[in-house]
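Generate coordinates for the entire structure from the input sequences, incorporating the hints supplied.
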Amino acid sequence: MKKIKILAIAMAVVFSIVGCSKDGKKDGNNGKYENTANDSKYIHLSMINPKTINPINNTDQSVGYVMDLVYDSLFTIDSNYNAVPQLVESYSILGDGKSMEVKLKDAKWHNGNPITSSDVAFTVNSINSSQTSPYKALIGNISDISVIDSKNFRINFKSPNAFSIDTLIFPIVSKDALSGLSSKDLDEYKNNMVGSGPYKISKYDQRSNMILTLNEDYFDKDKIKGVKKEINVMMVPDAEAQVSMTLALSSDITKVGLSDLSQFQKNQFKITNYEGRGYEYIVFNYNKPIMKDLNFRKAIAHAINRKQIVDEGYLGKVAMVNFPLHSKSKYYDESIKALDYNMDKAKKYLTKIDIDKINNSATNNETKKEESSEKQDKKQQKTEETKETKEEKDAKNKNNIKDEIKRLDLKILVNKENSERVKAAYVIKENLNEIGIKSTISELEGTALSEALDKKDYDLALIGWEMSPIPDATDIINYSGYSDEKLTGYLNSLKNSTNVSNTKDIYKSIQKYTRDNVPFISIGISDDYLVTNKRIEGDLKPNDFDIYEGIYHLHLEK
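Residues 53 to 610, numbered by this note's numbering, are exactly what the sequence shown covers, in order.
You may find that some hints are simply not true.
[Claimed, not checked] Once the Cα atoms are required to be at most 30 Å apart in a straight line, the calculated DSS-like pairs of lysine-lysine come out as: (1) 281 - 160; (2) 344 - 547; (3) 490 - 463.
[Claimed, not checked] Label pairs and their calculated CB-CB ranges: (4) 322 - 272: 21 to 31 Å; (5) 309 - 211: 32 to 42 Å; (6) 609 - 232: 45 to 55 Å; (7) 309 - 556: 31 to 41 Å; (8) 537 - 290: 49 to 59 Å; (9) 165 - 136: 22 to 32 Å; (10) 537 - 318: 50 to 60 Å; (11) 273 - 192: 53 to 63 Å; (12) 319 - 367: 39 to 49 Å; (13) 136 - 372: 18 to 28 Å; (14) 257 - 605: 19 to 29 Å; (15) 278 - 320: 25 to 35 Å; (16) 160 - 568: 45 to 55 Å; (17) 240 - 272: 24 to 34 Å.
Just so you know, the hints here were simulated from the structure itself, not pulled from any lab data.
All values reported here derive from a predicted model rather than from experimental measurement.
Using N, Cα and C, we set each Cβ at its ideal position, and we do this for glycine too.
Shown next, in the form of structure tokens:
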């Protein structure tokens with residue numbers, strides 16, 4: 053589904069992909085792109101025609117990926133989705149968690165001027181005053197920047213937050229280059245040619261391409277050591293053009309979707325898969341009394357074969373995780389395993405459920421009438437229950453539970469437009485059938501799907517969530533609809549944590565608690581794909597924040 057209560061951290065890394073595009077010049081006769089693979093001077097990339105290359109106002113993902121090569125941030129996200137210093141030399145969060153002292157590295161702008169604390173303050177103020185900046189959410193908790201000297205400053209936060217560092221991933225822009233400009237002039241490419249990253253813009257043609265050359269004064273000498281190739285960034289209108297150019301060998305590196313992946317033959321292209329940000333999970337409708345029964349949820353969890361769902365539904369293109377964090381995140385505890393696929397355990401938990409909750413969850417009038425009649429019968433039998441042995445009572449209760457389970461017909465809601473998710477839903481249906489629970493798949497799309505989710509017109513829903521690079525699982529957990537005092541306490545503690553060690557401990561408690569109480573069922577995180585022309589040698593280390601990480605050490609085959 054395109055948007056279903058999706059975590060809306062507005063930043064370059066979460067732009068919806070309209071088209072990671074490329075430019076190769078079209079042949080006027082047949083509309084095909086030229087093969088530029090023999091051009092050994094450049095590594096060829098692409099981006100959609102930018103409305104602006106001002107990195108704090110740009111709203112296109114493909115442009116953002118390229119501008120990450122030109123502009124640095126205070127912190128960046130590494131291949132494991134952990135925040136690591138980039139322009140920051142050192143930092144410390146003060147005891148109350150409401151402020152952070154930062155020292156900058158001795159880094160320079162591409163014009164040779166030093167990057168200063170004033171540039172950082174100017175960037176935050178510019179984002180805050182911008183009408184279009186996608187980074188507003190990231191600075192929402194910043195009260196102000198106090199400049200101490202040219203290299204030292206203090207960030208004052210409105211409130212303590214466990215992920216204050218993780219939000220400092222917006223690009224820093226030059227105060228000297230941009231101060232005093234009108235909003236229109238701020239977006240003019242001529243005013244945004246001076247960055248701070250490992251590559252600098254040496255040529256910009258609005259109609260065709262942009263040339264990036266090595267920034268030889270870059271502070272991280274190890275990162276750029278051995279770089280010999282310039283980068284030619286071609287501009288095209290849409291994602292379809294990007295795919296066409298890559299297939300024609302006119303572009304060297306491209307992010308592609310699963311639907312386009314089959315077009316790329318392994319003898320011509322190298323395909324790199326990496327953990328993306330698409331989280332897949334099953335939520336329960338807690339408006340239905342039966343879903344509040346822990347034994348019933350555990351029965352469902354043990355009955356669902358997650359490996360089968362991944363292999364048959366998602367075609368192996370999803371990495372199983374037991375909690376909504378990237379599997380390599382420092383906060384993800386892989387020692388806390390999910391409830392295992394075990395039909396015997398599932399059936400055992402079904403015998404423990406509260407039969408009244410099953411009765412109250414019935415959805416059709418005929419079942420309700422039958423339930424009413426059965427309840428009257430049970431009342432009449434109450435006087436005889438005292439004469440029954442415990443074994444007889446347990447046997448009768450189990451039989452009643454079996455009868456009630458047979459009457460259940462769970463509605464499983466799924467996005468009709470997502471074929472992998474639909475196939476996964478049918479695997480879930482088969483799994484439930486094995487423990488005697490009938491279910492019906494409700495395939496909806498667009499407005500109908502959104503309305504069904506909002507109105508809770510389902511029993512189970514298989515949904516997707518676009519995770520933020522900020523490792524905060526709170527919104528995903530809250531959307532599940534489950535809440536209790538203990539979980540709320542954990543989440544509040546997480547929000548107010550002031551150091552990494554404490555955050556890890558709290559996350560461990562939350563992961564264990566969600567495993568044991570099954571507020572939702574985690575499936576996994578979908579893979580993303582980077583296609584590379586085989587003339588390129590070397591390995592990239594992509595994530596969805598920076599797909600070109602490692603490009604500095606790529607070279608062309610001899």
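Hints, one by one, checked against the model:
Taking the CA atoms of residue 281 and residue 160, the gap is near 22 Å; set against the 30 Å cutoff, the hint holds. Between the alpha carbons of residue 344 and residue 547 the distance comes to roughly 26 Å, so the proposed pair stays at or under 30 Å and holds. Taking the CA atoms of residue 490 and residue 463, the gap is near 9 Å; set against the 30 Å cutoff, the hint holds. Between residue 322 and residue 272 the Cβ separation comes to about 26 Å, which falls inside the hinted range of 21 to 31 Å.
Checked against the hint of 32 to 42 Å, the C-beta distance between residue 309 and residue 211 comes to roughly 38 Å, which is consistent with it. Checked against the hint of 45 to 55 Å, the pair residue 609 and residue 232 passes, with Cβ atoms roughly 48 Å apart. About 34 Å separates the C-beta atoms of residue 309 and residue 556, a value consistent with the hinted range of 31 to 41 Å. Our hint of 49 to 59 Å for residue 537 and residue 290 holds, since their Cβ atoms are close to 50 Å apart.
Take residue 165 and residue 136: their Cβ atoms lie about 25 Å apart, and the range 22 to 32 Å holds. At about 53 Å, the beta-carbon gap between residue 537 and residue 318 stays in the expected band of 50 to 60 Å. At about 36 Å, the beta-carbon gap between residue 273 and residue 192 misses the expected band of 53 to 63 Å. At about 22 Å, the beta-carbon gap between residue 319 and residue 367 misses the expected band of 39 to 49 Å.
Residue 136 and residue 372 have their C-beta atoms about 26 Å apart, which keeps the hinted 18 to 28 Å range intact. Judged by the Cβ atoms, the range 19 to 29 Å given for residue 257 and residue 605 holds: they are separated by roughly 27 Å. Checked against the given bound of 25 to 35 Å, the beta carbons of residue 278 and residue 320, roughly 26 Å apart, stay inside it. Here the CB-CB span from residue 160 to residue 568 is close to 53 Å, well matched to the stated 45 to 55 Å.
Checked against the hint of 24 to 34 Å, the pair residue 240 and residue 272 passes, with Cβ atoms roughly 29 Å apart.
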